[in-house]
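Colleague: Chains F and C are the protein sequences, given in the same order. According to my numbering, the first sequence holds residues 6 to 243 in order. According to my numbering, the second sequence holds residues 6 to 243 in order.
Hint data in this document are derived by calculation from the structure and do not stem from the laboratory. Mixed in with the good hints there might be a few duds.
Identical chains share a label here; the pair holds if one copy fits it or two copies do between them.
Claimed, not checked - Below are the BS3-like pairs computed for lysine-lysine, each with C-alpha atoms no more than 27 Å apart in a straight line:
#  : residue 1 : residue 2
1  : 86        : 57
2  : 57        : 199
3  : 67        : 148
4  : 148       : 165
5  : 165       : 57
6  : 135       : 192
7  : 143       : 199
8  : 148       : 57
9  : 192       : 148
10 : 199       : 165
11 : 165       : 86
12 : 86        : 199
13 : 57        : 67
Protein chains: 2
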Amino acid sequence: MIYELHYWPTIQGRGEFVRLALEEAGVRYADVARSDDGEDAMLAFMDNERVKTPPFAPPFLKARNLLIGQTANILLFLGEKHGLAPAPSAGRLWTHQLQLTIADLVAEVHDAHHPIAVSLYYEEQRREAKRRAHHLIKERLPKFLGYFESVLERNARGPKYLVGGRLTYADLSAYQLVDGLVYAFPKAMARLSKRFPLLMALHARIPQRPRIAAYLASGRRIGNNEDDIFRRYPELDE
Amino acid sequence: MIYELHYWPTIQGRGEFVRLALEEAGVRYADVARSDDGEDAMLAFMDNERVKTPPFAPPFLKARNLLIGQTANILLFLGEKHGLAPAPSAGRLWTHQLQLTIADLVAEVHDAHHPIAVSLYYEEQRREAKRRAHHLIKERLPKFLGYFESVLERNARGPKYLVGGRLTYADLSAYQLVDGLVYAFPKAMARLSKRFPLLMALHARIPQRPRIAAYLASGRRIGNNEDDIFRRYPELDE
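Isolated chain F, as found in the complex (with noise of 0.2 Å):
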């Protein structure tokens, strides 16, 4: 079985934290949407009323009969699967609530750029942005990035990994929240993230993983644009 994703085939997006884990556990995939015609297969896909089980929006996975949507959702079925998260129900848990927090922080840097609503231009809600990035400078990215800082620091296994002593999800998925602030908002996360060594560190360490380096070193690595979560508008950076 190979496995189908699903997913806009111009940007990282929430498809990314898919990407990664798949990369990482050495599946077979195809990135639908990025072959000939495929944008319009998953778009087929998600208007067809056969579908029993429709995803409300991209990233979804095919997996044999599986049809299984919402980026975390994705990486609970990938992490039990592929041995990116612990068996144990208390620690899949663990992983699982930190992969989740992680999806509120994506969803508020988007809404950073698109605080009024995704259907309009960035440019029709400019002056909202501008306010709205600011709050999330000063106040979230801190209390996020700080949560995440804690959680390194009180893992009893060490400061290596967010959950235990290996790899989860989790793991590559605060990797690529932090690449896409640091792609976004420069000057900011040069001044932020002195504050937070042990998830720069983390962020640091990611990439040298040889599954993970051979991908970003790939074609299949989409690189960071404006049309995506991480935008870098130079007037919201602080």
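Could you slot chain C onto chain F? The hints should help.
Modeller: Same frame as chain F, now just chain C:
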């Protein structure tokens, strides 16, 4: 063992999704922050550096030595434990996927009155709220509610429940979601609800369940109010 639920004591908020599941399961729980000094206990818990798996925010649930945060994650746990979700992987993931989609809309509804920052009063972001609420009502509510309607429609076991032929925590959460929307946006929902008869029928059916009926009639159910996620601000209704 008695579960300990920790959540803000004066609002339904995200804690209500957990309360409804606990009530329907018929299990004993303490709503800690609503007891004397309970809110201090909750906050002390969050600041306690000896807690190895700290929650980022309430609600969180203490179950023996497990500490579980993130609403959807708590429901994942309770669903497995108390038969509020199918046991097989496919149904369990599908139920969770729906819950995460409900959570996405809940966050959007919150941001309709707080589009700039949670740290600011509504009155300080009123103009932006008006703009965002317009798009919520015009675009997002129809899209999300239409999605849940189609999930009910496509259920091979009939349109009574979101998943299969039995109640899951996703049904309880869908009830709470619709209930909050009807409170917050009475005019918009009077109009919109006609397009979602199956979802509205689910919303009407849940309060007839004996345990939920008893709960809603009890002092344990906190009334709607304007410190909550679902707020009735007539100027945001359409």
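Colleague: Which earlier hints turn out false for this structure, listed by number in ascending order?
Modeller: 12
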